[in-house]
Structure formats: C-alpha cells, structure tokens
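These protein sequence lines map, in sequence, to chains A and B.
Note that the numbering used here has the first sequence beginning at 1, numbered continuously upward.
Note that the numbering used here has the second sequence beginning at 1, numbered continuously upward.
Hints may be right or wrong, so weigh each one.
For lysine-lysine, the following DSS-like pairs were computed, each having C-alpha atoms within a straight-line distance of at most 25 Å [said to hold, decoys possible]: (1) Lys-77(A) x Lys-28(B); (2) Lys-155(A) x Lys-179(A); (3) Lys-260(B) x Lys-77(A); (4) Lys-74(A) x Lys-79(B); (5) Lys-56(A) x Lys-179(A); (6) Lys-13(B) x Lys-309(A); (7) Lys-217(B) x Lys-293(A); (8) Lys-157(B) x Lys-13(B); (9) Lys-74(A) x Lys-89(B); (10) Lys-74(A) x Lys-30(B); (11) Lys-190(A) x Lys-12(A); (12) Lys-30(B) x Lys-309(A).
It should be emphasised that the hints constitute simulated quantities derived from the structure, not laboratory data.
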Amino acid sequence: MNFKMDEKIISKEDLLKICQDVIAKGHTLLTPGMNEYFPVKDISQINLNSSALPAKTSYKSYVFPRSEPVLYYKRSKDDVQLIDVNVDGKNIIILGAKPCDTNSISIMRHLFNWDYSDEFFNLREKHFIIIGLMCSHYDEYCFCTSVGSSPVSDKGSDIFLIPLDENNFALRIITEKGKEFIEPYAEYLKPGDETRSKQVTENVKLPEVVFDSKEVYEWLGENFESPKWEGIGNLCLSCAQCAFVCPVCHCFDIVDEDYSYSEGRRMKNWDGCQFGNFTLHASGHNPRDIQSKRYRQRVNHKFRYYVDKFGEILCTGCGRCSRGCPVSIDIKEIVSNCKESV
Amino acid sequence: MNNIYMPHLAEIKEVIDESPDTRTFRLKFKDSDTAERFDFKAGQFAEYSAFGDGESTFCIASSPTRKDFLECSFKVYGKVTQALHRLNKGDTIGIRGPYGNWFPLDELKGKNLLFIAGGIGIAPVRCVIDNVLDMRNEFKDLTIICGARSVSDLIYKQEIKEWKARTDIKTIITVDPGGENASWDGEVGFVPAVIEKTAPPSDNTAVILCGPPVMIKFTMPVLTKLGFKDEDVYTTLENRMKCGLGKCGRCNIGNVYVCKDGPVFTYAQIKRLPQEF
C-alpha cells in the first residue's frame, strides 16, 4: 500500500530524539559519513546534510556483505558435517539515505529472487527501514536524472525527508513499513502539507540529463563489436573499484576457507566482472579474456542485459564508479558519447 | 532459513578411473529423503563440493531413469577437480542441484537421434543416451559417434561396450589420427570427418552434440552440409559458474544466463548470441 503524500512536519530536534530512542532500543542506525554509511553511536554524529556528496560507498554491504559465510563444515576421516547459518534479523534504520541509494535495494531484489530466493539478502532487506533525504547538491559525476531518478525522488524510501529550513523537515510516509516505524513517535509529528515541501523540491537544481537510456539500450544492441570498447579497454586497469563502490553491482564468488584440516567455512565474497579471472575456465579458456570485453560486459549488463531480464537499469546514477576511478573513466561520458564516432 | 547455497551430502560409492585424467564417481545421497526426492532431467547440471577446496560445475552423467545412484565424470583441471580426484570410495562430497534446462526429449519422441560426443563431452551425451535407451520404443534410429584424442583418453569404455553389443543402436567410435594403438578396431580420424562418412540421413533426425569448442566449430559446417538444420542440433555451453542459480554473474552471454537459460541450446539459439563463450 502506498501512503504517498501523507506529509508531516518534524523538527530536527525531535528527529534526533527518535534516533536516540532507536539506538536505545538496540537497533542499528546508519547514517552517511564522508566515506561510508556508519552505525551511529551517539546522535551528535548525525549530520542530516542534504548538500553532501554521496558517501564513497553505499549501504549495500549491510544487505549483501563483502564477505559472509553461507555454511560451516567439519571434516573427519570418514565424514563431513555441515552447519547452516542464520542471518541476524536485526532492524537497521538508515537515516539520510541519498535518493541514488534508496533505489538500490529494489533494483537488486529482482536478481536475488528470480526463481531462487537468496534469503541472505531477503532477510536483511526485510529489516531495513530507509529514511531518505532529498539531495540538493550534485557534482560533475552525478547523473541520476539520466537513469530515471532524481535528487527529490522518494522511490525506495520508507520515509522521505525534505529540509524546509535549518530546523525543520517535511516528513513523507511512503510505505506501510515507514508508517509502522513512525507511528510510535506520532507525538513528534506536526501536521504538514505539500505546499512548503513542494516549494523546496521545485527549487532543487537537477543534474542535466546527459543521455537517453533507451537510446543507449538500442546502441548497445547494435554495437557489440564497436571499436569503442577497445579504446576503453586500453584505459581500464581492471581494478574493479567501480563494482565495489557501486550500490547495485552484485557479482560474487563462492570459496572455501579452511581453518584447519578438520574445520572451515564456505564464503560468499564480492567479486567483479572487471577481473581477468572472473570468467576464466580451468582449461585456460576465457570468454572475456581482454579488458575491452570485460568493460563491454559491464556497460551492457547495466544498460541492456538487466533491462532485458528485469525491466530496470542496473544503475542509480550516483557516479561513485567514476568519482573513484583511478584512471578517470566516466561511465556517464561513455554512454552519453556512445553514438559519436571513435 | 532456506539456504540456497547449502549442498546435500553424498557418499562416493564407487570410483571409476575412466582415463589417466578422468574419473567417474558413483554417488548416493546420505539422506534417504533427498535420495528419494532428487529428480532431474537429462542435460541438467549440479555443483559438486570438495569441502575445503570449493565447488565445481559438471553435468549429471547418469540417466534420470536410473535412480539408484547419481554419477558425475570430471577431468582433472583446476583446484576443485584435483581435490575431488584425491577422494576415495566412502568419502563424502556435496551436491547442489539439479540446475539449468535439459534436452527436450519429449519433443524429440518419434525422431531419429544422432549423438555426437568428443572428449569429456560424452558425459552429458551419455546421460541422454541411457535415458533414451530406457524408453527405446519412443525413438526411431539411434546413432552414436564418439571421439577421443587417443585410445587411452577414451572414457566410458564399459558403456561403449554395452552400446556396441546392442543391435538397435549404431555405435561408431573414433580416435584422432596418431591416437590409435595396435589393438584398436574402431575408426581413426577427427570427429567431423567421421560424421561426414558415417552420419545417418538428416531427415527427421535431431542431433545431440557435446564436445570441446574446436570440435563443435568444425562439426557444425559438416552437419549443415549433410542437411541438418541449426534448430535440430542441440548442444550445451559450459561457461564458468559459481552459484548455478543465476546470481553470481559470471556465466552470462549477453542477456542469457547459461546456468538458468541453458546449459542446453540449439545451434540456432547459439548463433543468435554474442560470440562471447
């Protein structure tokens, strides 16, 4: 059920009181810092700043950890015993999530649930409460408006905040989950209406739309063999930084880690399609043996294959991949210039 | 919590040394419920665990009609297959599966079947052959053309002997030139050349073809020349996989996930894919 437009007003002070209570109840409260979304220990760490750049990483690792055991094994001479794991279903409240991050979970949900349900992802996601915060600042790497989102989009948020002035926020209840979360704190909510928040959102400067994702989709379908890929491949270092900071990249590896001869665990670890050995067969054959093929895979996966499979672009336009790229490859430029000749 | 990465445990009931580098395990699930429930179709694959070294992907080599056990055959190549090779009768491995699609045997009923296999590619083909033999009346003429690098590289010698002994199936075995020995009584020559010489008419015939990429590359033009249509040639793709569940992201070719949309494809489907396998 959608509760859109159920809009209230809350003061910063009262919002912090809610945060205080959430922490006191033992829930995890995450909020973005410069580098990452971190668990808040003290409410003085909370900085609800709509004009900050996205943290260097998203909160992806809280729903899809960098490395996690999927089982433990014990071996004896004659037998193997398997021990299952359980995902801790603790509530995680994410306060001040950027609109380019709030989108990410619903995009990944398709992948982790087509036919086979990955409960590691699902159980964590179920316990997420996402309180998004309107974004009022962009840099040269941001392109959320080109992938169908916007700095004022409440898509993916359970509750969405819009700063009205220094001390007050408009608070929109978006989902049932958001409603359930905020209900116990009804005393802090003052009646609001859309007039003031609309004035704010309408005045937000939006990053320019730099490409048409449908045109990019078409171009990719016709240009698998374009010489452009070789040019990009020559630049790229295959470090996969782009995948690791991406809020929606989800490729992983499964490897065993022995503690000793008799014990160990099987791990699900982040992996990246830019690594040379990602698709390497034991025989030595490698379908994506050179970097140009791997970069082509990355762009196609995001802007074409994922659309084919799940009807959504595998990108939120946060720009992290480009902001952090050691050789300044900018995915936004690549797709927006795709039609230009080499 | 339903853990999709949790394998079933199985005991190695028998180890068959097929060739110096290829082994077959005959496996039985430890849990009788699992053994009862585990159902698959010819062409599907599984993830096999050597605990401590990881998982590896192979087809299920035994026929779904023979339910007493499950067999897999593997060539020693990488870390996991080396670890599996170190295991003995009585040891425990893990199995996740069955995954992927299968050869559409129901649609092929009433047809002639031509089985073509090269090297370890005979493993998925053997599953289909045994499956078809257990419902022999449903199909017309059966021909097997099977190749190996040399006589010692030829696997499933026991099964081949049984197929050869039957009169309701034509079995042609070949080794690459130079791979024969003094007592070899089969064909000598590469698989495509032997097909050209011995293949049955293409009329009402479906082909089940598995082997190394180089063999498939040279076999297809021969099949086309003999009048076989691309949509009547079924083969499997073997991209590297980790999860087998359409999640880990490495087996895709374009928007096709080999682990879920495959591993069985017609040659017509393969031709439409980006050439990235």
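Evaluation of the provided hints:
Of the supplied pair hints, the one linking Lys-77(A) and Lys-28(B) holds, its CA atoms being roughly 18 Å apart against a limit of 25 Å. For the hint pairing Lys-155(A) with Lys-179(A), the CA-to-CA distance comes to about 15 Å; that is within 25 Å, so the pair holds. With a C-alpha separation of about 36 Å, the suggested pairing of Lys-260(B) with Lys-77(A) is violated against the 25 Å cut-off. Distance restraint check for Lys-74(A) and Lys-79(B): the Cα-Cα separation of roughly 20 Å lies within the 25 Å cut-off, and the hinted pair is therefore satisfied.
Restraint check for Lys-56(A) and Lys-179(A): the C-alpha separation of about 30 Å exceeds 25 Å, so the hint is violated. For the hint pairing Lys-13(B) with Lys-309(A), the CA-to-CA distance comes to about 41 Å; that exceeds 25 Å, so the pair is violated. In summary, the hint linking Lys-217(B) to Lys-293(A) is supported, as the alpha carbons are separated by about 21 Å, within the 25 Å threshold. Using a Cα cut-off of 25 Å, the hinted pair Lys-157(B) and Lys-13(B) holds, with the two alpha carbons roughly 19 Å apart.
A C-alpha spacing of about 19 Å is found between Lys-74(A) and Lys-89(B), which places the hinted pair at or below 25 Å, so the restraint holds. For the hint linking Lys-74(A) to Lys-30(B), the alpha-carbon distance of about 16 Å falls within 25 Å, and the restraint holds. Taken as a hint, the Lys-190(A) and Lys-12(A) pair is honoured in the structure, with Cα atoms around 12 Å apart against an allowance of 25 Å. Taken as a hint, the Lys-30(B) and Lys-309(A) pair is broken in the structure, with Cα atoms around 37 Å apart against an allowance of 25 Å.
The earlier numbered hints that this structure contradicts are 3, 5, 6 and 12.
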